[in-house]
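**Q** Okay, here's what each chain looks like letter by letter:
Number of protein chains: 6
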Amino acid sequence: MKTPYAADIRENQVIDGLFLVATKNQGVTKGGNSYLTLKLVDRSGEIEGRVWERADDLARGFDRNDFVRVRGQATLYQGKVQLRVQDVIRVDESKIAPEDFLAKSSQDPDAMLEELQAILRSIKNPHLLALIESCFADPELMNLLRRAPGAKTIHHPYISGLLEHTLSLLKLILKVVENYRGIDVDLLLVGGFLHDIGKVYEFSFDRAVEYTDAGQLLGHLVMEVELVDRKIATIPEFPAELALLVKHLLVSHHGAYEFGSPKLPQTVEAVILHSLDDLDGKIQAIQNLPEKEPGSKWTIFHRAYGRSFYRHIREEKEEE
Amino acid sequence: MKTPYAADIRENQVIDGLFLVATKNQGVTKGGNSYLTLKLVDRSGEIEGRVWERADDLARGFDRNDFVRVRGQATLYQGKVQLRVQDVIRVDESKIAPEDFLAKSSQDPDAMLEELQAILRSIKNPHLLALIESCFADPELMNLLRRAPGAKTIHHPYISGLLEHTLSLLKLILKVVENYRGIDVDLLLVGGFLHDIGKVYEFSFDRAVEYTDAGQLLGHLVMEVELVDRKIATIPEFPAELALLVKHLLVSHHGAYEFGSPKLPQTVEAVILHSLDDLDGKIQAIQNLPEKEPGSKWTIFHRAYGRSFYRHIREEKEEE
Amino acid sequence: MKTPYAADIRENQVIDGLFLVATKNQGVTKGGNSYLTLKLVDRSGEIEGRVWERADDLARGFDRNDFVRVRGQATLYQGKVQLRVQDVIRVDESKIAPEDFLAKSSQDPDAMLEELQAILRSIKNPHLLALIESCFADPELMNLLRRAPGAKTIHHPYISGLLEHTLSLLKLILKVVENYRGIDVDLLLVGGFLHDIGKVYEFSFDRAVEYTDAGQLLGHLVMEVELVDRKIATIPEFPAELALLVKHLLVSHHGAYEFGSPKLPQTVEAVILHSLDDLDGKIQAIQNLPEKEPGSKWTIFHRAYGRSFYRHIREEKEEE
Amino acid sequence: MKTPYAADIRENQVIDGLFLVATKNQGVTKGGNSYLTLKLVDRSGEIEGRVWERADDLARGFDRNDFVRVRGQATLYQGKVQLRVQDVIRVDESKIAPEDFLAKSSQDPDAMLEELQAILRSIKNPHLLALIESCFADPELMNLLRRAPGAKTIHHPYISGLLEHTLSLLKLILKVVENYRGIDVDLLLVGGFLHDIGKVYEFSFDRAVEYTDAGQLLGHLVMEVELVDRKIATIPEFPAELALLVKHLLVSHHGAYEFGSPKLPQTVEAVILHSLDDLDGKIQAIQNLPEKEPGSKWTIFHRAYGRSFYRHIREEKEEE
Amino acid sequence: MKTPYAADIRENQVIDGLFLVATKNQGVTKGGNSYLTLKLVDRSGEIEGRVWERADDLARGFDRNDFVRVRGQATLYQGKVQLRVQDVIRVDESKIAPEDFLAKSSQDPDAMLEELQAILRSIKNPHLLALIESCFADPELMNLLRRAPGAKTIHHPYISGLLEHTLSLLKLILKVVENYRGIDVDLLLVGGFLHDIGKVYEFSFDRAVEYTDAGQLLGHLVMEVELVDRKIATIPEFPAELALLVKHLLVSHHGAYEFGSPKLPQTVEAVILHSLDDLDGKIQAIQNLPEKEPGSKWTIFHRAYGRSFYRHIREEKEEE
Amino acid sequence: MKTPYAADIRENQVIDGLFLVATKNQGVTKGGNSYLTLKLVDRSGEIEGRVWERADDLARGFDRNDFVRVRGQATLYQGKVQLRVQDVIRVDESKIAPEDFLAKSSQDPDAMLEELQAILRSIKNPHLLALIESCFADPELMNLLRRAPGAKTIHHPYISGLLEHTLSLLKLILKVVENYRGIDVDLLLVGGFLHDIGKVYEFSFDRAVEYTDAGQLLGHLVMEVELVDRKIATIPEFPAELALLVKHLLVSHHGAYEFGSPKLPQTVEAVILHSLDDLDGKIQAIQNLPEKEPGSKWTIFHRAYGRSFYRHIREEKEEE
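Protein chains in written order, with this note's numbering: chain E, 1 to 320; chain D, 1 to 320; chain W, 1 to 320; chain L, 1 to 320; chain F, 1 to 320; chain Y, 1 to 320.
Rather than coming from a laboratory, the hints here were simulated on the basis of the structure.
Among the clues, some could well be false.
Identical copies go unnamed one by one, so any copy, or any two together, can satisfy a pair.
[What the hints assert, rightly or not] Listed below are the simulated DSSO-like cross-link pairs for lysine-lysine, each with C-alpha atoms no more than 30 Å apart in a straight line: (1) K297 <-> K124; (2) K297 <-> K152; (3) K292 <-> K104; (4) K95 <-> K175; (5) K297 <-> K39; (6) K104 <-> K175; (7) K39 <-> K292; (8) K171 <-> K104; (9) K175 <-> K124; (10) K171 <-> K2; (11) K292 <-> K152; (12) K124 <-> K171; (13) K104 <-> K2; (14) K95 <-> K2; (15) K95 <-> K152.
The shape of chain E in the complex, shown without the other chains (with noise of 0.2 Å):
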């Protein structure tokens, strides 16, 4: 484990460590010599550092999205702790623990992605069977899927979050539909595969996660309609009304305009997503949300659900 992680550094800390360099800018002081902003930022957070002396130097020396060694000493501007950066010099990725700078599933993505296929591969329908095997045979896709978080912060927010949160929604549904007739559930795995599948390109999660350009502007909602609208453009004779019955899953899964469905859940099996989708991240967040002081049953307040939350029963945290 690296030392110190950025949110633990405090004023007047002398500081020797690993960060991913998040920005890098260049700007001139009034009396006309350089300097360098920048964000250093690891699993823990981010921290701004300062070059004041040396500037083009060191500058040359790394870039942007780089692993950089730095020394130097933490002071207080404006509130925030900052770093006065003495040196900065890059690491190669091999000299990194990876999980020092992205937290990660405590499950094996392999594993959840053979669980999750074996679910799939059960679906009956040939063109939602066909549906799914032309995602399972999208290489880049699947990449992308064993990595992707499910969130920046909200819930399942680490390294194969997405899939975790997927999987566990996939079984979810599996359970209660046998608790009522009529419920089409080879349409609502696929809904249940594909809901936030969009949120592959809607981070980026290399070696941090961050929004995209296309996150921002157009949303995972739209980009995995796209998706699955090319997908389904090289199935011969998907049938109309199921392409229609799969995309109404995805655009109605938020449950509400006011989070950014452009329409209402209106099929029994668009309610039965959006309300699973909806408790499965609720729990994951409840359930690890950091306790509001040490030995407190309350925890810290969620800004997104808009409370705090009482637990009496303490579940073993699945990553210590």
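Given chain E's structure and the hints, the job is docking chains D, W, L, F and Y onto it.
**A** Just chains D, W, L, F and Y now, with coordinates in the frame of chain E:
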């Protein structure tokens, strides 16, 4: 099956049929003659009746909440069909087919009650077990529960609908918790059992479903907290925190302030209960909504959910 | 002009007129007799028809979506005028004046299309030019665009209304951009052209304007993103950022989540497009709303805009 | 008056003062050394303390909820002032001036209680009189009522603030009802007395005002319905409708769903109670808000009311 | 009392009664014959009349805003009762009982005005006194104030209702301020007097209550600020801050943006004025709402307040 | 250019610079010594200053609203940079570069005013022409208009920003009306000219932009209605309907209740004015927002618009 149903009566039709007297009010015309205004109901809905002749005589023969045989003719008043009643006479309840007046669940209430009790008696927490047994031991409560409707219109709006919904929810809970660790199943089952039990006081449903004054002024949510509070008072050493957790499930189960919950769900069990309760109600409602027009895949507009639904699979309606 | 229009039929009136059969459903009375329920429409609105005699015979002579000559008498049922149909017989489309069934723009669609193409061919960006040419080269799309309505009720609700609105918007854009620097006019024109083009799939408008299933379940906004995605796929080396900017205009053009945009406008062009689209629709609607009562300066209440409007200048209505 | 108050401590200041230990948590540094994290509070607010040296020794000498004398130096951590504690030692409560730790009403609680009881004993309805006497006869309840605060921050946020607000409201009710006929004054007085009484359980206020778990999970509104339900159970022949009317006042007194009332006010008394309760709280808050800057007519921004207030008359602050 | 009232007319009834002509529009049938469409009103509501025969002749005999005697028969059109008018003839105002056409306050306007002036002349602030005297000295204003209604439907919707509400509010203010220190009573009384005075321009209420164009386009709130601005301009040395405080009471008295106040109440007097104004209106409305059905404790649904009310005490209605 | 700007001062920096004294308050320490608290501002923002020594002496030498030369050192207090002031001395305004204290439009106010007057004098309606001439003839008004800012922060937040926005809007109106028939251009131009003119009273902007009390308590919208009301009073025979239409443009120009418009736009001109006003403000704001970080296509988050913006074309900033 009775003919005609109130909802099927059309202008000019000559009527001879059985109805329940929901309201009965006597008035006097400007010319000084007595007349009666009646609300006549059956399971299909209601129709207004007016008695213009022999009003005093006829009024002596029946009361509010009686079943009556009505003869007369349908006419229109301010755009609504109304009966000009020529004759109205009390009919003994023994002559009535109850299902003509109140729709009821397609499932047997005793069988449902048995299954519900079996599930709840699997609870291991002795305090919670004592709580549900104190409910089972309350004959008035259990009697009401056998018959209470799930709602006036939104979902499960028929006799024993509350029981049907509660049982379906308990079974759903049992399936969903298999997918997660760290959930207090016993607590969740008790919450599922009690979350709507105040509806036995919220509605009167002897011969028709109506809101009670207590239902309007307090609501089932508050009344079931009182019920639980009284039951717990009879159980020695019921832990205070556990009582709090049970009651929290009740007060938060509508999930949002605007739906009448004075607190948001703040435990993982409260989040699950709200989510599954909402889902079970919606599935029942969607699968049983009338279609927009014969043969259409679209249902009529559901006012509370704010939309129509599209059904590509048409569940066999259970009551036919 | 046909007589009578559906909206003008009053109680007891004897009818002999032409209508379009919007729905046709067969039922059986309790007594075992066939009957027909028809939705009969023309440009003024709709009226329900019931065939109680010779239903089987008459039903064989026409189908849903046929034009028919209907004879019968108007009656009232539950406060609405209904036709008791004595005779109904199919009429060949050649006997029909189309404008009796669908209102249409006062402007010539071919002239509008020509003007629209001339404006769009002024675009200098070669990629965007290729995109609009690939649309122009799609005869099915252009055919639909010639006739599609702008909406079912809110604004431009008539045949070729979409084209009229789109052209007006493009001309408005050209004027507005003269007032500012730094606006990407080409991008904005393409956005103006495509922002509602999915409406050609959102509505069916052959003989009457109705929402399609795809219109209800996906909406024009999502469908036009798919259209653009497919067109761009056929254009070599279309820049990814440019594709993103075009699609962002489409997904954000309703301007707010509650109006079904999954993303807010986040470029200056998206802000302008939303604003001018909204303005052009409102101006058309305000100028063409019926007055509250003859001679009044106040219009009837516009449900979607939530208000009546006051007109001190009365624009000559274009269609008279 | 103690020095310094937590809210007044500034960077680098050397501290020797008295505080209440609100939380006390022990941790271990990466290097294996014990340290303590303390939340130190007084009436002005709170400050975080860290003990880096002799943590185990010092920790043995005091507990959470003790008063302590703390010596150390203020420093900054992540933009907030923090104490590096050199020494911390338990201080007996007898050495403490309670008003340094909890603000209290400027009015004498016993005098207020007496006045409140005199008003309520003027009630003529014997059932309601029995209800308030059963409360007066509950020593635990009355003891809590003597001291409970009106809120944590919004209005009357000090010891005996609940009593002060309740008394002011009762007196206001007596004045307002003089202006109208047809108001049930007895009912309204009982509602005024009980509307916030659940706050005695919503807050802990022994040495500092904090929300209790029950306050967070149930809220005062629900807890006071339970209290009334229990009291009424002990009164023979308390009319059911009257019980309903009293409880309705409690459940609806926040006036709107979004403020946590599960029912809207539906009686004229409930409408009046909500209105006057809200008004009395706002007047107190406005008159006691700190000014924006010395001498300004504008107060600081009041978060819950969403605005600053302008005061052209400056009420003498009661506590000075 | 006139017979019949518009609201009491039922299908097929033969009518011979007095009405006010609210609108009168002439049309031509397709066959080329003149006809008239009339809106006939009295205090109970309105009914549409149609003159099919001798339309030109009859039209010459009366105008919009005339009282007329109408003979004809009630029929139904599109679910609403309509009069087929056989004869209509102008009736001199002297033959009319004004209270048949406009409901009016049960209290004497002159007595109310006297009491109101007495209260306001108790004001000590000489500037505010000058302001109210300049209003009293404006005969047109005072004349309108004598008769203006409090609203079209929400509360005090009858002749002199504005005066009744204003007087009740002033008396309520006098009582409430006794409970607090530091309130500027003079300012509050002036605000109470003027807060709705713009309603004299918002409604026309000569023979029926209608919104004026100015009422719709500006509203009473803005118009009364203009009135105050003009009055103050005539008073030498009226302090600028005081003018601001008075106007602030007016612009903020609806209490929230969504109710048309461009500013929130930001002085303690503005908070009190909004609260008591709202309360006084609600009490009047609740006590005077019709019951849901004869004998019910529940009122009909109040659209603006979004609920029905339960009345356990039934205030004698003042007008009977 | 002055150094340093308030926003650029960092911890520990030694300062010798010019500032405007926005507030000056004197206090006494517990030990009995005088100190001063100053709010020092320039165009970049503000910084708090504290004088601990020679406070009485120094205080005599300057007042609120004076320009001063300040010497001292930056320190941190509660996470914000603060100046410990050693010396502060009044500086004559002649020594000050005004643009160091208030940003101003890049366009010449006199040229803008001339262009604005030329546009408005093209109005043909003699009444409206008289109205704008009565404004032009008011030297105090025109003087304020030359300098008033468009806002404190949202858009055009600099000296002469109101004029710049107003002129841009008038030119935009002239272009947009070319696209439509039936618009009252004269009315719209007058509305464009007056829609924000109340901002000359809403802000004080002599040496810094601050809200006035009238701005907070009444707002520019109400104050400009008063202004128009007074001007119209001086114009003989100004038509009442026209006055109403002009004022309606002002009261409705924020377009929605929640943005402080007491009436929605109800004329086509009011709809256009609101739409173009909003658009012109947004374009200016988007094009001039600082970028998120140097070189980024994303701007910082705009609080009022609730989003960041993406700029693929970067408009040359006008002020550089």
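**Q** So, for every hint listed, does it hold in this structure?
**A** Hint-by-hint comparison with the structure:
1. Taking the shortest alpha-carbon separations for K297 and K124, only the inter-copy value of 23 Å comes in at or below 30 Å, while the best intra-copy value is 46 Å.
2. In the homo-oligomer, the alpha carbons of K297 and K152 lie at most 30 Å apart both inside one protomer (25 Å) and across protomers (21 Å), since each shortest distance falls under that limit.
3. In the homo-oligomer, the alpha carbons of K292 and K104 lie at most 30 Å apart both inside one protomer (23 Å) and across protomers (28 Å), since each shortest distance falls under that limit.
4. For the identical chains of this complex, K95 and K175 are neighbours neither inside a copy (44 Å) nor across copies (46 Å), given an alpha-carbon limit of 30 Å.
5. For the homomeric pair K297 and K39, the shortest alpha-carbon distance between copies (17 Å) is at most 30 Å, but the shortest distance inside one copy (35 Å) is not.
6. In the homo-oligomer, the alpha carbons of K104 and K175 lie at most 30 Å apart both inside one protomer (27 Å) and across protomers (28 Å), since each shortest distance falls under that limit.
7. In this assembly of identical chains, K39 and K292 lie within 30 Å of each other by CA distance both inside one copy and across copies; the values are 28 Å within and 12 Å between.
8. In the homo-oligomer, the alpha carbons of K171 and K104 lie at most 30 Å apart inside one protomer (21 Å), although the nearest pairing across protomers, at 34 Å, exceeds that limit.
9. For the identical chains of this complex, K175 and K124 are neighbours both inside a copy (17 Å) and across copies (23 Å), given an alpha-carbon limit of 30 Å.
10. Taking identical chains as interchangeable, the C-alpha atoms of K171 and K2 are never at most 30 Å apart, the minima being 36 Å within one chain and 47 Å between chains.
11. Proximity of K292 to K152 under the C-alpha cut-off of 30 Å is found in both arrangements, the shortest distances being 21 Å within a copy and 19 Å between copies.
12. In this homomeric assembly, K124 and K171 come within 30 Å of each other (Cα to Cα) both inside a single copy, at 17 Å, and across copies, at 26 Å.
13. Taking the shortest alpha-carbon separations for K104 and K2, only the intra-copy value of 16 Å comes in at or below 30 Å, while the best inter-copy value is 50 Å.
14. Taking the closest pair of Cα atoms, K95 and K2 come within 30 Å of each other only inside a single copy of the chain (11 Å); across copies the shortest separation is 48 Å, beyond that limit.
15. With identical chains, the CA atoms of K95 and K152 are at most 30 Å apart within one copy only, with a shortest distance of 26 Å there and 51 Å across copies.
The structure is inconsistent with the numbered hints 4 and 10, although it conforms to all the rest.
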